[in-house]
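Number of protein chains: 4
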Amino acid sequence: MNSYGTLFRISTFGESHGPAIGVIIDGCPAGLSIDESFIQSELNRRKPGQSKITTQRKEDDTFKILSGVFEGQSTGTPIALVIENQDQRSKDYSHIQNTFRPSHADFTYESKYGVRDYRGGGRSSARETAARVAAGAIAKLILKKSGIEINAFVSQVGALKAPPYTQLDLSKTEDNIVRCPDSATAIKMIALIDEVRLARDTIGGIVTGVIKNSPVGLGEPVFDKLHAELGKAMLSINAVKGFEYGSGFEGVHLARLATQR
Amino acid sequence: MNSYGTLFRISTFGESHGPAIGVIIDGCPAGLSIDESFIQSELNRRKPGQSKITTQRKEDDTFKILSGVFEGQSTGTPIALVIENQDQRSKDYSHIQNTFRPSHADFTYESKYGVRDYRGGGRSSARETAARVAAGAIAKLILKKSGIEINAFVSQVGALKAPPYTQLDLSKTEDNIVRCPDSATAIKMIALIDEVRLARDTIGGIVTGVIKNSPVGLGEPVFDKLHAELGKAMLSINAVKGFEYGSGFEGVHLARLATQR
Amino acid sequence: MNSYGTLFRISTFGESHGPAIGVIIDGCPAGLSIDESFIQSELNRRKPGQSKITTQRKEDDTFKILSGVFEGQSTGTPIALVIENQDQRSKDYSHIQNTFRPSHADFTYESKYGVRDYRGGGRSSARETAARVAAGAIAKLILKKSGIEINAFVSQVGALKAPPYTQLDLSKTEDNIVRCPDSATAIKMIALIDEVRLARDTIGGIVTGVIKNSPVGLGEPVFDKLHAELGKAMLSINAVKGFEYGSGFEGVHLARLATQR
Amino acid sequence: MNSYGTLFRISTFGESHGPAIGVIIDGCPAGLSIDESFIQSELNRRKPGQSKITTQRKEDDTFKILSGVFEGQSTGTPIALVIENQDQRSKDYSHIQNTFRPSHADFTYESKYGVRDYRGGGRSSARETAARVAAGAIAKLILKKSGIEINAFVSQVGALKAPPYTQLDLSKTEDNIVRCPDSATAIKMIALIDEVRLARDTIGGIVTGVIKNSPVGLGEPVFDKLHAELGKAMLSINAVKGFEYGSGFEGVHLARLATQR
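Protein sequence lines, in the order shown, are assigned to chains B, D, C and L.
Per this note's numbering, the first sequence starts with residue 610, numbered consecutively.
Per this note's numbering, the second sequence starts with residue 610, numbered consecutively.
Per this note's numbering, the third sequence starts with residue 610, numbered consecutively.
Per this note's numbering, the fourth sequence starts with residue 610, numbered consecutively.
By construction, these hints were calculated from the structure, which means they are not laboratory data.
Incorrect hints may have been included.
Copies of the same chain are indistinguishable here, so a pair counts whether it falls within one copy or spans any two.
[What the hints assert, rightly or not] Below 35 Å or equal to it, Euclidean Cα-Cα: the simulated DSBU-like pairs (lysine-lysine) are: (1) 721 with 753; (2) 721 with 821; (3) 754 with 721; (4) 656 with 850; (5) 721 with 797; (6) 797 with 754; (7) 667 with 781; (8) 661 with 753; (9) 754 with 656; (10) 673 with 656.
All figures in this text were calculated on a predicted structure; none of them were measured in a lab.
When you get a sec, could you build the whole thing from the sequences and use the hints?
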């Protein structure tokens, strides 16, 4: 379904070429100052067309809060947040109406539902993540009150790896367009993406997330362990194919014996 | 929380004096013709100010579908439906800002959340039911395909009772402003409500719902029995204080022995 | 499904003539003293065969805790509680194998599942409520720590009504076999049930529940209002056909005008 | 919480040194032949102490079905399945009562709940997976009817990798104690594990799962994508630190450009 979470639950809606996308946030504590400029700045970080190395589509993700906020504060009732789609012009999509684009969800949606909004990705468009970003911004405002910090940055593009996060200054993440806090690696990454782009191709990468000041005992045994929930959330993002936690796949080499050799 | 249902799940949002109210419907089957004029007619039936015997507030409940419908058909993705609040003028509410109106949720919300949208009922306003009616209209469209009919009518006001539903022509429900299909009883009900209204009072009543062609085995044992779910849904509507199913409270008298006397 | 609740969730299982019935309680806070003799006393109150006016079936509901309790205290992990069915003898049920008993769930289960445990009521047997009683006993232990008291008693049998609960001493509920705290009414109720029983019939009644010291703001808007949840829980008990809260159906007469006449 | 799934939902309970562990399976379709010998064979595959390269603990995982099965068939009601803990002897655990074992959940449980079943891992013991295996065996019986096959095997231990699964005969998985269908790699893996074991150490590995004949369109957009759910389920197993789907982390190298070089 289109909801995630138990106590703080988000329900998203919207297609890439419908009137709007949005999210209902249920369970936001009352009395939280809803900093709209922060939400906008998070949406601005996500939006495509910001640089030569990203999707060139233009989206101006201006949001509107329809409920749950009164005099700048959350009231404990559901916060509905809507982002209108501006690029809804009646473009001719007939060339993809009967074509399934490779590596897209076109075929799957058509098979599952028998009907498909063929104007772009529809519901399966990465545009859906804008609703997550808006909800995530509000989640960050809540977590900030408990001193919890969440940072994410690009740690790998193709074979180019940044140093381990413990050696990085994460406050520098926004200093370049690829959002790698290590400027030397960032320069190489940008060059590589640009080269791949000119060859009309794309290239994958890895995003590393660092959560600081997380309280002990977060998450629930047995099925809802913190890293199991994080894994599900990350794997539900379009095009994500893997998730590691802590030592991750490197853990296969961790025997002291193996290390000593 | 603000969601109801498992496979067909609705999540509502909105306060009486915020920008809008609305609903996300998740789980609507794909390929359903979304008859917008039917949804509007259901919303029109709900809206206040239709006659001398109801709330005089004016609301023009025009809705807009933001997602989940493409070329008149549901696509299987969440249907977001929004109704803007037109009566958002900056009226002076200072007289109720620090007053808790009796028999309203003002005190409860303030106690629970520490903050309250004091412009009218906020989230606890009966206006929230407009979102349910819109979702219910879509549910009716789905059920109609299986031949299931749902009718509801006013069967009692004060001590005035309509005959049992089996003796009524339910198609006459909309023939009068109190929506009792028995015209003789309806005339008395309207007169009583009018009398009570002139005395600046209100009076209660009973709504009877009749579901026809329901398949055998609907509902789930043990906790989610059909009548348990119906009971919860009805009891969650503002001001509803009781629910009966089948023989209901009359069942206490059903022993043959008692009947024979 | 067979689960109820969100933070304190119970999942029940078991048929009347299978090896055992039971419940998993998930969400019980850690550090609660699990008073097993209290759980047993609650189960004893429920068990049939206690007097001439109830079902004569013999059940000795001895329970066993399989998990979640260590050294007499809850640990925060799920509490599994099992009650073995002692009356599992290979009685001959062939006379009801192909017969649907009226007012039972036999036909519904057969229609829904295509297969049915025809030895008695199976899953639809009122025996399932033993699992609820055990879980309810633990819930009462939790609520007691917050000073919340829950009492229930028989307030009506057929047309015989006890006085309003505010005029009763609820501590006298267990003083008679019909569990009506008003002894004068109780005597009449017992006589009536006995008379009906001798005529090989049954008769209905009403149970009134009184919750004291409930905190303000319990329950969740909009769908999970406290009385909506209570209504669902009560209506999910076998043979319950109605639920009232507060003034209940009497509310239809509450206009001052109506009262003054 | 201790439940997983929506339509087919499992709820597990039990600690390593309590009376029993078990699972309630809710949503198993009626009319399924419950092959108890298959369930037992799956439990036998899981149990420790089978060879020199696994945990030496002895557990004889004999299960008992308490409900939901009648005359060898599922009835549609919850299937409760219990495995008694045989090794409950009153061993002296005082040496770990006040000690938190590294890389175990001891500290986390104590911090979260304030109380802990210190006899072994308690709820966090890998013994909990026996309940998953039993439920998984029933899930496999359901999936088999639709022709869906699920296979899993050890594809890597330390740096030792089996060839890609498309080059393997998965029916050979059980032919050796490390459960790698490539016998040449299996021999090396067993030698490595044995070497590590003699050095009183452990070593990690990778399990590859292959699902055949999965229907198109399984899983739900947006949050409950099939691979997101699989990821959560796998990451909730003790000691799992990563999950890949399809091309997985190798995807970062997939640009044609990168490949051509």
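> Can you give the numbers of the hints that this structure goes against, from lowest to highest?
Replying inline: Those not satisfied are hints 5, 6.
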